[in-house]
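Below are the chains, spelled out letter by letter.
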Amino acid sequence: MSLATAVPEIEIAAVSKSYGSGRLVLSAIDLEIQKGEFVTLIGPSGCGKSTVLKLIAGLTPPSDGTIRVDGMAPKDARETISFIFQDATLLPWRTVRDNVGLGLELERAPSDQRRKTTTSVLELVGLQDVAEAYPRELSGGMKMRVSIARALATSPRLLLMDEPFAALDEMSRDRLNEELLRLRQERQWTAVFVTHSVSEAVFLSTRIVVLAPKPGRVHTVLPVDLPFPRGASLRERPEFEALVACASHLLREALVR
Amino acid sequence: MRQRLITLANAAAVFATLLAVWQLVLWIFNVPPYMLPSPWAVSRAVGARFPSLLNSLAITAEESAGGLVASIIVGVLVALFFAQSRWVRRMLYPYTILLQTVPIIAIAPLILMWVGAGTVAVALIAFIISLAPVIANTTQGLVSVDENLVDLFVMHNASPTQVLFKLRLPHAVPALFVGIRIASGIAVIGAVTGELYAGSSRVGEGGLGYSILYASSQLQTDYLFALVLAATVLGFSFFFVVMFLEWYFLHRWHESARVPETE
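Chains A and B, in that order, are what the protein sequence lines are.
The first sequence begins at 1 in our numbering and counts up by one.
The second sequence begins at 1 in our numbering and counts up by one.
Treat the hints with caution; some may be incorrect.
As the list claims (entries may be wrong) - List of simulated lysine-lysine pairs, DSSO-like, C-alpha gap at most 30 Å: (1) A:K214 / B:K166; (2) A:K35 / B:K166; (3) A:K75 / A:K54; (4) A:K54 / A:K214; (5) A:K35 / A:K54; (6) A:K214 / A:K75; (7) B:K166 / A:K75; (8) A:K116 / A:K214; (9) A:K35 / A:K75.
FYI, nobody ran anything at the bench for these hints, they're computed from the structure.
Looking at chain A on its own, in the form it has when it is part of the complex (with noise of 0.2 Å):
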């Protein structure tokens, strides 16, 4: 599926990022995203994985560089990105339809659309029926569910995942894995996914860009040439697992260097 076109999703170019204190998170990024692309970023801690998606939200502008999302600065982008963190982040005093319609409510789309938008998302992610429950009644994964419902009911056109899955037993993680190809089959999004673990980023992404820590630049870009749709089988797979061993020793690789 090729629907890279005249302009990238994302342009990164020798992108530098230092705090406050003259500490170096990023050194010198260079990354193009086409559109459609599934990227996950992975490395050690401290490589400044969840600064490139801070970067590319707009939420922290680089100290050097620029970055262009579809063409644009990333703060007038913003219309067209979600962001999902790595906790659900859900308002515990809205039932699980007001959080899913948070953004339309924001953004001050009239009720009823409003209204359409979030059952069919909710229907999408399989919790029309808890829809009138509260956060505090749902499980860790129902949580994670409903904030990718939440993400997808602005119609973004590139999603940001910051180790959504992280806190997840291994089997939901798995589970939220497939459904999140699934969707994403569905709404043809371009998506950045930040993770720690190596077979989630094979799982899902069409390439894996290494980091390499202190100061966070690119070590190597491994290009997933698995097909879609990919379902739970492909993980006992030959190919699946050779690429995760290669993934897993140039994240070793990242570490030493």
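Dock chain B against the given chain A, drawing on the hints supplied.
Showing chain B alone in chain A's frame:
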């Protein structure tokens, strides 16, 4: 529900034991009634002077409720202002501590001079001493919002007003109730103490504090006990009203407001 009944029964048992000990002390040490009246004498005093007791209670209730409501309104407004910037907080927060540490007895004469003795003066005293916990807790609630949630709002280009009213304020409600719970207790104490200095002495206008002063000067110890009892009842009822409101507003979503169930 069953657990509540058991709790209630326990409380009643403790109360009965206290009364028994009280009565025993009287019998064993042969205490004169002007030093310590019997529980029976106190209950008789309650019955005999019920209308004036109720009147005093109503006056004090009005003063403390007025002070408390004012401190909630003003406290929330001040907290909203404090939540605007760290700079504002650093500059003005010390003054809320000042509010808490000012000896109310020392400024009572000032208040008396400014507004004269009576309901307004007493409500003002209750207001001043119950204000600090509302400000402190609400401010804490407003600023302790998860950074990621703020980012989420920013990602949707939320206006500062939207962040305040759809994120910070609802997030602060549990903390606000902690503040109100503390404030409700000290508002009653403030009103009773305030009456000792600034209560009206006109007939039919003396609250519990004023009546306590009067009863003690007349050595009506049994009535004094009745008044203290009334003050306690008042404090309790404030506490329960606040607890109920807290449950009502929070039970659907907040853990602290959950009634323990057999799960």
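Evaluation of the provided hints:
1. A:K214 / B:K166: 39 Å, violated
2. A:K35 / B:K166: 34 Å, violated
3. A:K75 / A:K54: 11 Å, holds
4. A:K54 / A:K214: Cα-Cα ~18 Å, so holds.
5. A:K35 / A:K54: 19 Å, holds
6. A:K214 / A:K75: Since the Cα atoms of K214 of chain A and K75 of chain A sit roughly 27 Å apart, the hinted pair holds (cutoff 30 Å).
7. B:K166 / A:K75: 22 Å, holds
8. A:K116 / A:K214: 47 Å, violated
9. A:K35 / A:K75: Given that 30 Å is the threshold and the Cα spacing comes to 18 Å, the pair holds.
Hint compliance for this structure: hints 1, 2 and 8 are broken, all remaining hints hold.
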